[in-house]
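Chains V and F, in that order, are what the protein sequence lines are. Taken in order, the first sequence gives residues 10 to 317; the numbers are from my numbering. Taken in order, the second sequence gives residues 9 to 276; the numbers are from my numbering.
Hint data in this document are derived by calculation from the structure and do not stem from the laboratory. The model shown is predicted, which means the values in this text are computed figures rather than measured ones. Certain hints may be false.
Stretches of chain F that chain V covers, calculated by requiring three or more beta carbons in the stretch to come under 8 Å of a beta carbon on chain V [as the list claims (entries may be wrong)]:
1. 21 to 27
2. 92 to 104
3. 172 to 182
Backbone N, C-alpha and C fix where the C-beta goes; we use that ideal spot for every residue, glycine too.
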Amino acid sequence: MAARTRRPEIRFGEHLTWAGEIARSALTSGPAIAWVSTFLLLPVLGIAFISFLSRGTYGEIQLPMTAGNYLRLAGFGVLGFDPQYPVIILRSLVLAAGTTVVCLVASFPLAFFIAGLAGRAKQIALTLVVIPFWTNLLIRTYAWQLLLGPDSLAARAAVAVGLAEEGMPLYPSALAVYLGMLCAYLPFMVLPLYTAVEKIDWAIAEAASDLGADGVRVFRHALLPQVMPGMVAGVILVFIPATGQFVIPDLLGGAKTVLLGNAIQQQFGASRDWPFGSAIALVGMAVVLFGLWFQARAGARTGEEGPL
Amino acid sequence: MKRIPLPLWVTSILLYVFLYAPIVVVIVYSFNAARHGGPWRGFTTRWYATLLDSPDKLAAARNTLELGLASTAVSTLLGTGLGFGLARYRFPGKKLFSWLMYVPVVIPDIVMAVAMLMFYALMREWLGLFELGMTTMIFAHVTFQVPFVAIVVRSRMVGMDPAIEEAAHDLGASSLQAFVRVTLPMILPAVVAGAMLAFTLSLDDFVVSFFTTGPGASTLPILIYSSVKRGITPDINALSTLIVLVSVAGTVAVALLQRSPRAQRGEK
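Looking at chain V on its own, in the form it has when it is part of the complex (with noise of 0.2 Å):
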């Protein structure tokens, strides 16, 4: 990069000055990088913005700028300290936790799976876990209302081994929104995982077997290495949407639920309060960064270019 030339250099049979690429640049991704930054970007530092502000009688914005939405979030209200929110934060980033765990360990046979299969029946494996992951997040969510719904085969096994009453559904609850989060995640874990897999390059594991080590080990010392560059953009793919994830909660998770994505949509909607839901949202904007910024420090160990 130290050395740009403004010289004519050949790239890809062409002769191109540095304000030739500039132009030519501008024409083919700028219209693209113009409309996102319009409608996102800037859209995003104006919430930023508004997050500071306060909410009037109402319900518009006024200033003057204040902390007061951060502090609101951090359980320091006007009425003294009130735990709601740092609850909610917590919540949400323990459930996407509790998900991207399960989603790991669910993951691990399955990528082993599909990559020890051959030819055709690997490609179909592979396809079917990528029809769900393209299938409508909304409906295979409502369809976990029928699968616990009262007379549903889990809700009477739950009663026959008591741990339901009869004729009750088993939503709203913690299991079914976790159920709905695992069965939603998967395909984002298996995935990268299987790509990983694939590659590993089996020799160091006979090696490790054949100096001693025990199963355990040669997972731990000799695959679990080779296959962390898919773990870590598995666990990033699952942890950042599961964190603002809004529709499986309200779908199947109770009042008792409410997550980041609902104190959002509830200050957005009922509530009316947008400086206080931008703040929310916001906090979720952190966490992607976070994650985008700790996936930049893995890729860059590894030698990986930027996302696109």
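Chain V is fixed; fit chain F onto it per the hints.
What follows is chain F alone, placed relative to chain V:
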């Protein structure tokens, strides 16, 4: 690699069952004669017939289709330009922008939705533009589709032999000629795959649509959401089944289009 052990088979099959249980249950219930869910009361296709008689569902279907087609057209154009431009040309701040263009992919959709809602509201107040409705929804959808199209196009560009483009330039083609006559035909499968991906994303989106739509412009996911809030009815299962089938067809088509050029020619 070695043989797959039996426990791995069993676990994996169970996970597939888990993944598909929700989809299967919706499809099965869409043919269930029982009006209020519950046990099986015989096979019927009448819930599909009632869909045709309900104007709000037909209107929502038309809106969804219009939204998908319009946003896909714009985002395919923008995304192809971005994917091509980022693969071929350099400009100051390129690395920063290529990260920023990734924001729509990773941002929680609820945050994207409220940021846009806020933006539209302020624009309406200050400039009188962006009355909430179809237009605002289309603009919002384009925004999250663009990076996905760009990613697909870019990945195809990376796998392309640069010698072909070089040959075009050596034979005197201008940048535009080389792009239209040589590069575009070669990346066309990726452009089509990107467009189908964009369409599927638009079809699947609920959260962004929910926040950026206005009165009278309901889409199928919004309609499903409000119906589910009132209690699931069999015709919603029928509607969902149709949407699922379209998504599955789209996914399979994208998978076929994205196969490497060699595989498409049937080489090994």
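The hints, checked one at a time:
1. Remark: the stretch 21 to 27 of chain F is confirmed as covered by chain V, as 4 of its residues place a Cβ nearer than 8 Å to a Cβ of that chain, reaching the required three.
2. Given as covered by chain V, the stretch 92 to 104 of chain F passes the check, having 10 residues with a CB less than 8 Å from a CB of that chain where 3 are the minimum.
3. Residues of the stretch 172 to 182 of chain F with a Cβ under 8 Å from some Cβ of chain V number 6, which satisfies the need for three, so the listed coverage holds.
Of the hints listed earlier, there is not a single one the structure fails to meet.
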